[in-house]
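> Since each chain sits alone in its own frame, please combine them into the complex, following the hints.
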Amino acid sequence: MSSIAGTKSGLMWAVHISVALLVALWIFPTVGLFVSSFRTADQIAASGWWASLFPQEQNLVLRTADPSKQAQEGDLYVISGNLFADNNEPAAGISAWGVSSRAISDYEPGETADMGDDGRITIEQNGDYRLENDVAFEGRRGERIFVTATTPPKFTLENYEHVLLSGSTTDSMAKAFFNTLTVTIPATVIPIVIAAFAAYALAWMRFPGRALLIAAVVALLVVPLQLALIPLLRLHLGIGIGKGYLGVWLAHTGFGLPLAIYLLRNYMVGLPRDIIENAKVDGATDFQIFTRIVLPLSMPALASFAIFQFLWTWNDLLVAKVFLIDATGETTVMTNQIVELLGTRGGNWEILATAAFVSIAVPLVVFFAMQRYLVRGLLAGSVK
Amino acid sequence: MATLKLTKVTKAYGNIEILHGIDLDIESGEFIVFVGPSGCGKSTLLRTIAGLEQITSGTLEIDGVVVNDIPPSQRGIAMVFQSYALYPHMTVYDNMAFGMRLARKSRQEIDERVKYAANILQLTPYLDRLPKALSGGQRQRVAIGRAICRNPKVFLFDEPLSNLDAALRVATRIEIAKLHESMPDTTMIYVTHDQVEAMTLADRIVVLRSGVIEQVGSPMELYDRPDNIFVAGFIGSPAMNMVPCTFEQSGGEVRARPENHEPVRIPVQIPAGAVGGKGTLGVRPEHLRLADGAEPLFRGRLDIVEHLGELTLLYVDCGFAEPIIAKLEGNVRIERGSEIALAARTGMLHVFDADGRSFPRQEQPLAAE
Chain H
1 MSSIAGTKSG
11 LMWAVHISVA
21 LLVALWIFPT
31 VGLFVSSFRT
41 ADQIAASGWW
51 ASLFPQEQNL
61 VLRTADPSKQ
71 AQEGDLYVIS
81 GNLFADNNEP
91 AAGISAWGVS
101 SRAISDYEPG
111 ETADMGDDGR
121 ITIEQNGDYR
131 LENDVAFEGR
141 RGERIFVTAT
151 TPPKFTLENY
161 EHVLLSGSTT
171 DSMAKAFFNT
181 LTVTIPATVI
191 PIVIAAFAAY
201 ALAWMRFPGR
211 ALLIAAVVAL
221 LVVPLQLALI
231 PLLRLHLGIG
241 IGKGYLGVWL
251 AHTGFGLPLA
261 IYLLRNYMVG
271 LPRDIIENAK
281 VDGATDFQIF
291 TRIVLPLSMP
301 ALASFAIFQF
311 LWTWNDLLVA
321 KVFLIDATGE
331 TTVMTNQIVE
341 LLGTRGGNWE
351 ILATAAFVSI
361 AVPLVVFFAM
371 QRYLVRGLLA
381 GSVK
Chain D
1001 MATLKLTKVT
1011 KAYGNIEILH
1021 GIDLDIESGE
1031 FIVFVGPSGC
1041 GKSTLLRTIA
1051 GLEQITSGTL
1061 EIDGVVVNDI
1071 PPSQRGIAMV
1081 FQSYALYPHM
1091 TVYDNMAFGM
1101 RLARKSRQEI
1111 DERVKYAANI
1121 LQLTPYLDRL
1131 PKALSGGQRQ
1141 RVAIGRAICR
1151 NPKVFLFDEP
1161 LSNLDAALRV
1171 ATRIEIAKLH
1181 ESMPDTTMIY
1191 VTHDQVEAMT
1201 LADRIVVLRS
1211 GVIEQVGSPM
1221 ELYDRPDNIF
1231 VAGFIGSPAM
1241 NMVPCTFEQS
1251 GGEVRARPEN
1261 HEPVRIPVQI
1271 PAGAVGGKGT
1281 LGVRPEHLRL
1291 ADGAEPLFRG
1301 RLDIVEHLGE
1311 LTLLYVDCGF
1321 AEPIIAKLEG
1331 NVRIERGSEI
1341 ALAARTGMLH
1351 VFDADGRSFP
1361 RQEQPLAAE
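These protein sequence lines map, in sequence, to chains H and D.
Just so you know, my numbering puts 23 at position 23 of the first sequence, and the rest follows in order with no gaps.
Just so you know, my numbering puts 1310 at position 310 of the second sequence, and the rest follows in order with no gaps.
Chain D with its partners taken away, still in its complex shape (with noise of 0.2 Å):
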């Protein structure tokens, strides 16, 4: 049973400032997940949490108490490295009791406690193992029996898979979330740069980028409803194709015209100073389909086509600087080079204005299109 409230947390070395004043509330048993680019202290970030690194102004509270100068093995914390960080030293067994030998427990519930974080993890064949003596998702697996063994309030993973291959990281990431499922009172926050990872671990997402969180909610909250161009790009694979547009009066409602097309009807509504001007026009890859209607959202000629079997990526240069990506279910069978048209329900369209912000979405559904 853990809540974590940051206020205005900032850290800085020297004069570099790396977090710029982070306000964030964590609920007790949830699973926060932490994305953003290389650099953008999602790391700092954490490590500010589990006390390795000193916040230069703000405050953490852990379950109401400011822990700013509260030794980390005080905090409740269990922290899972990138690198595994075990000891190299030890067996198994002492990896996982060192923290609780440190703290004087008894042999017995040592023993109690190894054994079982050995069994949920299924380490109980190698507890007598060196490290060096084990694959990398055991290795993995030792360094979460080790936090396990901690009976931590707050789980801290690093990266966690960012060390081990494709497979095993699959087969990691749901043991990850069973253990969480296991744990329901246990919070976790959890650091990664791979979208999928935290798509399907997270129960919110926290997406940083230099220092500023740019969005928290629901990963279908910040896939449907991104706020900005950043969160956007980030979240989806591939990226979503944005062009520029230019908001005109058309009738009974503002629409949206993208270069060089014809104007768009919009699911947001545009205040009435931001007409006429400039903005973005957002569409994911996965919305996008093949016009056969009147009313097509982009044409231009195809440029490349990758089938990857399950689906087709269609690369099609409508005369922006990036070329419009399409994903099509299926395999689909067009000649490259030829004019197409795709085409987008108007709920799926992002609008963002100049700044990179998203318009507010209409509450009612729009007619039928």
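Just chain H, with the same shape it has in the complex (with noise of 0.2 Å):
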């Protein structure tokens, strides 16, 4: 690299920029997602996952205790407490406050409001309250008061709790979550164990009409998936197969083996001819060659797809509709599950969030552990 140290500033400069954009395009809504899913409904409609962290002005509407709790002190009637402890709401400062909705931030913590025939009532900053009245109060129910509070940050695990514990037919992504992983599992180990064999034979065995077999293999790389849906599914209902989740294997397998065949028969291809004439010397078979000597070497190119049709598999929606999702949802899969989400709980998004969260998990953590193996596979047979 740095024998062409002179080419460098300018396309240097370009490339920084561009990693730089594409690192921000990635992490920001990743984070926004896992900040979102610890919200509260409320919070998350207050404010942007960005100020979570810092307290926010938030507009509630709490009550005083109600007239059963009031006590005489000569001749006034009190009710005394503190605003937030008694509605269940954590401490927070009162920045303004009103007694009418129509007027919400009339009065500054510390001033008392006067309400004709309710009483008078003082309010501190700390949300401490005294009112007072010259007759008894009556009703049953408090005085409401609307106050402009600052609350300090807040995140709760609820929502994960109802998104993967509940139970809850509706919502939960728990079964949907197995039911990718029973997809996905078979759906990247078929075709890498069809796609080494294939590989190796391609790369170092001679046999005719070798050649137009990899170049069939490049040209199915380009044939959209699309394509094969309909006649596929057709196949899969006539022989019996229906939908379900050998339908999907199958597919999956289909549509992964070109990419597989073509990445690994590179990988192979690239490997020390020398190293496999030895073990020719040595007395190796074709197959003892594949399991003993090129399967071990082949790792990182392994690894590499596997990590490929992991993600792939994980996130389709497509191939799962078609092939394995029937009338009873019974096999439903996380990224419909999420779909069916938008529908009925469109407007909660702590609920969005956290199911969204919750079906990238998997692979972010496959990802940060794969990483080297991603870029190895990727630059195979480029470098010596």
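If you're looking for bench data, these hints aren't it; they were derived computationally from the structure.
Take these hints with a grain of salt, some might be off.
[To be verified] For lysine to aspartate or glutamate, the following DMTMM-like pairs were computed, each having C-alpha atoms within a straight-line distance of at most 25 Å:
no., chain 1, residue 1, chain 2, residue 2
1, D, K1153, H, D274
2, D, K1278, D, D1227
3, D, K1008, D, D1355
4, D, K1105, H, D286
5, D, K1005, D, E1061
6, D, K1132, H, D274
Here's what the structure looks like:
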């Protein structure tokens, strides 16, 4: 790299800026989802996730204690207490308050509002209040007070409890999570096994038609899978597989194979010829060379393709909709579950954000755990 | 114990023929070295013997059995590759045991043979290491050890020292020579482009050019009696001086007259038909000396002097296309640009006909010079 230092500056800046942009593009929505999934519906409605770490102003409607709590002090009937404690709200600072919904910030903390027959109320900054009247309070509920309060940041695990553990039929992601795993793991393993064998044959075994086969694989890379959806489904229904896990595994395998064979073959063909010839001299059969030499040495490429296939089957909606999910909905996957949540809980952003984050958590873990294989496999064959 | 016999072996890739009918007999226990310039087919020939390349036509026999269609592992050979070709994911021990495990040898036998080979090559402390934790020389020794473990009848070496640095190359070369001594029954075939390796290791050298054997012989035969200009120029460093000459009758004998020079006596018999014709006169740089007598071979102006300490190289412009190179022992002090004369003993001259073949030498020594 240092040998091309002369051409560095301009291009390097362009690269650095694009990388920074890409990172930002990737990080912001992810962090946003993550943060939002820990907030309550009220907080999400009041402010964006980026403000969640700071105290925020919120308009609350609180009630004083009900008249049964009144006490008599000389001539006066008094109700006193703390607004937040009485209403089971976290402590907060009041910046303004009012006694009517038309004027919710008429008074400063410490001032006294005269409500005529209803008495006089004084509210301190920390929510302590004192309500006085010359006659006894009546009725069953306390006075409504409108406060503009600065509440401290607050995070909760309730959303996750609701989405994962509650067992609610409409909101639960737990079942969909395991369904997705059931689809994804075989749909990753099966094509890799098949492709590894095929790639070895295409890279190291001599047989007539090999070049044509390789060309066919490359040609298949560019065929859009939508082309095959209907014929394949008809085939599945025709031969009795129907809609189900077997069908979706086969479909993912078929759609994944061209890229798998292509990537793995390119990697294997770059393994040193001498090593394979030496194994032949040592008496290894093609199968032994494959299992004992080529397969262990191809681990980076296998891992790299495994990541690709895993991520793409995990995030897949189309193939699952066509080949898996039937009318009962028993086999729904997470992508489909989120689509349904958008319909049933469209306004509940805290549920949606949590569900979305549950569905991207596993890909994130996979990506961070295996990223070096991702890069190494992508570079396969391009550098010596 | 293995003899090899190659009969009219050819190898072609599509329409391109790489080997054009190789005939070669190799005795049991011989150390044979294939040399030649890049692309001469020496590696292809070795790989053909190994069975890694199919023979296009002709036959290859090992111990009298035609092995054209026998896979490499059953030919009783072991091969050491230039790149070592170690299995990177296996320890030294596993590398050496791999072939025997495939052959389903007993655990005890495998252990014995690996320990034996490791002992010969001083690899015992490294048996548990991976190849990447070894130096180049150690890797090459593992590759050789792996070959020893196979207990082969024929050892094949494909430029085994090319990836080593100069000092290690000398050391490993000596180790290979010792190895051959310790296994007198094992035939070894060694490919190299380095003539020092060829001269020091070989019982017989096979010089190849463009898929054809130019000459087969012991190192000294090739040095003293090259069959043709190619072999003469290939063996020896710096290369032999070659100058065009004409053959003339002079008194009772035929002499060679280099261009622009006096005719000189030559140690070969020129057939009558060649007299008056053109040829090539060759003399090795180390056989030239400064002429003090009356009959110098070449005269010219000294262009360049290279002092190497143990010897001095003179580049003399004698009016030929190439300067004449003389290799003198010790540190010779001569001014650049001075006119000098060079001479050589008649017996040290090489004479080639117009096609580059050498003439038969005279049997009886020439009269005293």
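> Keeping to a limit of 25 Å between CA atoms, is the pair of K1278 (chain D) and D1227 (chain D) held or broken?
Roughly 18 Å between the alpha carbons, so the hint for K1278 (chain D) and D1227 (chain D) holds.
> Is it true that the CA of K1132 (chain D) sits at most 25 Å from the CA of D274 (chain H)?
holds (16 Å)
> Going straight from one Cα to the other, do K1105 (chain D) and D286 (chain H) come out at no more than 25 Å?
Status holds; Cα separation ~20 Å.
> Run the distance test for K1005 (chain D) versus E1061 (chain D): straight-line Cα separation, threshold 25 Å.
holds (5 Å)
> Does the structure keep K1153 (chain D) and D274 (chain H) at a Cα separation of 25 Å or less?
holds (21 Å)
> Next pair to validate is K1008 (chain D) with D1355 (chain D); report whether the Cα-Cα distance is within 25 Å.
Holds. K1008 (chain D) to D1355 (chain D) sits at ~24 Å (cutoff 25 Å).
Violation of the numbered hints given earlier is absent; every hint is satisfied by the structure.
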